[in-house]
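Construct all of the structure, not just a fragment, from the sequences and the given hints.
Each chain, written out:
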Amino acid sequence: MKVAEILKGPFFFPFLFAVLILLFPFLFSNYYVGLAIQIFIMAIFAMSLDILVGHTGLPSMGHAAYYGVAAYATGFLYLAGVKNFWLVIVLGMGLGGLSAAFFGLLALRARGPYFMLITLALSQVLWGIAFKWRSLTKGDDGLPGIGRPELGLGIDLKPDLYFYYFTFALFLITLAALFILLNSPFGYTLRGIRESESRMKALGYPVWLCKYAGFIFAGIFAGISGVLWVYYSGFVNPSYFGVDLSVKALLMLILGGSGL
Amino acid sequence: MAFWIIQTLNGLSFSMMLFLVAAGFTLIFGLMKIINIAHGSFYLLSAYIGLTVLRATENFLLATIASSIAVVLVGIAMQSLFLRRFYMKELQQVLLTFGFVLIIADLCLWIWGGNPMALPKPSLFRGSIWIGNVVFPSYRLFVILVGVIIAVGLWIFQEKTKFGAIVRAGVDDEEMLRGSGINIQMVFVGVFGLGALLAGIGGMIGGPFVGVFPGVDMSMLLLALVVVIIGGVGSLKGAFLGSLFVGLTDNFGKALFPELSLFTLFAPMAIVLAIRPTGIFGKIEE
Amino acid sequence: MMRKWLFVMILSMFLIGLAFGNRGTAEAAEPIKIGYLAPYVGVFAKFGSDLRDGFKLYLEEIGNKVAGRQILFIDEDDEGKPEVGLVKAKKLVEKDQVHILAGIISSGVAYAVRDYVIEKKIPFVITNAGATKLTQEQRSPFIFRTSFANCQQDLAGGWYAYAKMGARKVIMMGSDYAAGHEKGAGFKKTFKFMGGEIVEEIYPPLGTNDFAPYLAKLANYVGKVDRTWAFFAGSDAIRFVNQYQEYGLKEKLKLFCEEGVTDEANLPSQKEAALGVESYARYCIGYDSTENKRFVREYRKKYNYDPGSLSEGGYTGAKFIVKALEAVKGKIENQEAFLKALRSVKFEAPRGPVRFDEHQNVIFNTFIQRVAKKDGKYNNIVVDMIPDVDQYWMPKK
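So the sequence lines, in the order shown, correspond to chains U, P and S. Add 572 to a position in the first sequence, counting from 1, and you land on the number used in the numbering used here. Add 13 to a position in the second sequence, counting from 1, and you land on the number used in the numbering used here. Add 16 to a position in the third sequence, counting from 1, and you land on the number used in the numbering used here.
Since the hints were made in silico from the structure, they are not lab data. Any given hint might turn out to be false.
What the hints assert, rightly or not - Restricting the straight-line Cα-Cα distance to at most 25 Å, the calculated cross-link-like pairs of lysine-lysine (DSS-like) are:
1) S:LYS107 to U:LYS730
2) S:LYS318 to S:LYS49
3) P:LYS134 to S:LYS268
4) U:LYS730 to S:LYS136
5) P:LYS102 to U:LYS820
6) P:LYS134 to S:LYS389
Note that the structure is a prediction, hence the values are computed from the model and not measured.
So, in structure tokens, the structure goes:
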């Protein structure tokens with residue numbers, strides 16, 4: 573009876589898609605499963621950007637910065653022998669947030685197009701460093717040979733099939749987390765700032781602090797996608813800081829509709 | 014001693030080419046608040062078109078004129094047909110320019126192929142001259158000359174002509190400009206076209222020593238970005254000084270600390286960002 | 017309600033059709049698919065097309081068939097970028113279901129793709145990328161290389177510079193990426209072994225347009241150093257050689273390069289600036305063997321331009337693969353046998369006799385060549401030859 577109720581109600585399509593997603597790997601070849609994994613990870617990345625663009629009204633053009641930082645961290649850790657997923661994801665999120673905290677201090681001094689310019693420039697700085705500091709990052713050749721992490725739960729993530737469900741699960745968790753965050757009073761504050769900063773200030777809200785917090789949250793969630801992508805593709809290089817990646821995320825938001 | 018002279022001249026020639034690209038970029042940003050990601054594409058397109066005309070006619074001047082006209086037309090089309098629809102919506106405009114980047118880049122790839130090419134120099138400047146006991150290509154001196162002439166020309170334009178005054182006013186305070194009854198759209202189109210023209214000339218000038226290849230559009234854009242951030246948005250003076258700084262730093266950085274050459278470019282930029290986000294000569298926001 | 021069910025039904029039919037139609041029709045007498053990765057954009061673009069042209073020339077010579085099976089050549093652009101190469105390799109292996117992966121020019125791309133290829137157990141025949149570790153520390157039974165290792169000819173070159181050219185002090189300039197450093201290391205190894213001194217090493221970034229700052233540094237060494245060793249590839253090499261002359265260094269500080277710098281692919285753009293420049297190479301168009309003369313003739317006829325070392329590289333690579341396929345009568349599905357056969361292939365290539373060493377890297381003769389002008393055209397001619405150079409070659413002191 574429960575199933576029939578679901579089928580009739582507004583959850584029909586989400587339910588349908590959930591079923592499709594669960595069955596997907598059995599219907600399609602590994603190549604498409606790989607694509608689906610990429611879609612999930614990019615979705616997390618785009619959603620993290622939406623905190624800034626859609627909800628706070630801050631058009632960041634350098635979002636790949638936090639993604640890249642977490643990605644490189646994942647790479648370095650793996651090559652140093654650290655493969656425990658839980659440890660790495662926390663570090664990735666932490667580093668994403670930390671770099672956002674640092675860049676936020678610089679970027680939030682500006683508004684509108686100047687903000688865009690600065691965020692773009694900052695991510696390019698990271699790109700330049702990754703590209704040139706060959707002794708550390710191997711430059712454009714990047715760090716190949718990064719395998720799947722260890723969950724410590726006895727599940728082997730090597731086959732794309734398992735990684736697919738794993739990524740999907742993380743996608744759902746992130747979705748839920750963002751949903752909670754953005755529907756909380758904090759989320760409303762952000763949207764208020766998007767509508768009118770001066771009004772929010774007049775009402776007594778700590779506007780700069782809220783923007784800063786939003787910035788950091790965006791960095792944290794971007795970090796998740798950075799970690800996952802490296803585990804999926806097995807490779808990191810400076811392109812992970814690239815402006816095309818940042819712009820792609822913006823395009824995803826525009827196409828899909830931001831501020832949801 | 015010769016080493017320093019050569020490096021300085023090298024840096025200056027690079028700076029001048031940078032200035033051409035950055036000047037247009039800063040004007041467009043300063044007046045219309047558009048981050049024209051496609052600015053590098055003007056360079057790319059102009060260099061390729063120039064190359065084709067040059068191969069056909071062997072006349073550098075003609076090639077420059079032809080490529081400049083082409084690029085200006087593209088720029089005017091971009092602004093009047095597409096960008097103006099998103100007036101005051103900076104994010105959409107930026108994304109639109111990115112779309113143009115992709116279209117132009119792919120078009121060029123399709124027509125001219127993926128192989129990097131270098132424009133042949135104008136026959137007048139093919140040789141090298143002696144400076145002390147070292148040899149230096151005369152073409153680069155030509156580049157410095159062109160850069161300085163154009164810089165002076167732009168200065169005259171900005172300070173002494175009516176249009177220049179309008180542009181300066183617009184960069185300062187756009188609302189007032191609109192209020193004063195001037196057709197703001199014409200101004201925008203004009204500036205955008207001017208920016209494209211400058212970048213296009215930059216493409217022809219830079220073509221012989223930087224070359225033209227898929228990807229040069231983004232490298233030029235990045236450099237212009239650094240120049241504008243350091244020098245200040247909307248300011249030609251800032252663009253000139255910023256270009257000098259970037260060109261010389263880049264050159265000496267490569268010569269003295271090859272390991273860190275990109276870093277020597279970005280570090281000053283990051284410092285300027287931390288201290289004065291709108292650049293040294295930029296306008297203070299709000 | 018009905019509409020929802022209808023929608024579900026149609027959607028499922030569509031998806032099932034797509035899914036099972038997607039399973040592929042893998043049956044016998046299906047073509048042998050060779051997946052091929054090369055850059056057609058960027059610094060190596062010309063090399064990419066040379067390599068492919070050489071590869072395809074051989075395939076055409078045998079009528080695109082071996083042991084009765086069609087050969088399907090599937091070509092993808094890796095743009096010379098490791099991240100793109102990895103993506104395209106996945107596409108070739110997973111979507112196109114290729115049996116063999118071949119090609120690759122950039123060592124960076126080769127390294128990025130290595131783990132993936134081994135994991136998927138795909139025979140990987142590198143027809144250019146010299147990434148040394150791939151046939152040394154990181155070798156695998158699946159990885160073969162028919163071109164050269166980054167250090168192979170360079171080892172011979174280092175010895176030659178000291179022993180035959182009389183150089184004692186050298187300044188080195190190379191492209192700042194995997195190949196540049198590895199080749200430099202090879203040259204340095206034998207040169208220092210013989211007693212020579214490397215005065216300085218400079219590595220401009222890959223894709224440098226303007227060598228001015230670096231060349232000005234070189235000017236300081238005129239008269240203090242015997243030779244400049246140089247390695248640049250593709251369009252970088254063209255600019256380097258041209259600018260080397262522009263800055264007056266050509267006469268005053270002679271170059272001794274790796275073959276990529278004055279390869280036939282670059283000479284039409286370098287012309288005068290390259291005249292007289294000497295290099296060490298795995299292939300010289302001027303090599304006087306019957307096989308090479310025939311190859312050059314056929315290549316010119318078909319493509320209307322001169323073959324360079326990349327062209328020969330593609331050609332020889334294809335021949336290695338086909339000879340192995342012939343040995344197993346086209347049954348590429350029997351991978352063990354194919355790999356075994358590939359290991360023992362040897363034949364007379366345009367560059368001379370070739371075969372694999374124990375680590376599945378090719379052994380060949382190294383030429384010393386010089387750019388000469390004849391009838392208004394610039395080509396490399398043979399000056400000397402060092403036989404049987406493998407990736408571990410060391411001179412006898």
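Now for the hints, and whether the structure bears them out:
Our distance criterion of 25 Å between C-alpha atoms is met by LYS107 of chain S and LYS730 of chain U, whose separation comes to about 18 Å. Restraint check for LYS318 of chain S and LYS49 of chain S: satisfied, since their Cα atoms lie roughly 24 Å apart, inside the 25 Å limit. As the CA atoms of LYS134 of chain P and LYS268 of chain S are separated by approximately 24 Å, the hinted pair is consistent with the 25 Å bound. Under the criterion of a C-alpha separation no larger than 25 Å, the hint pairing LYS730 of chain U with LYS136 of chain S is consistent with the structure, at around 12 Å.
Under the criterion of a C-alpha separation no larger than 25 Å, the hint pairing LYS102 of chain P with LYS820 of chain U is consistent with the structure, at around 18 Å. For the given pair, LYS134 of chain P sits about 23 Å from LYS389 of chain S by alpha-carbon distance, which is consistent with the 25 Å threshold.
Of the numbered hints stated above, none is contradicted by the structure.
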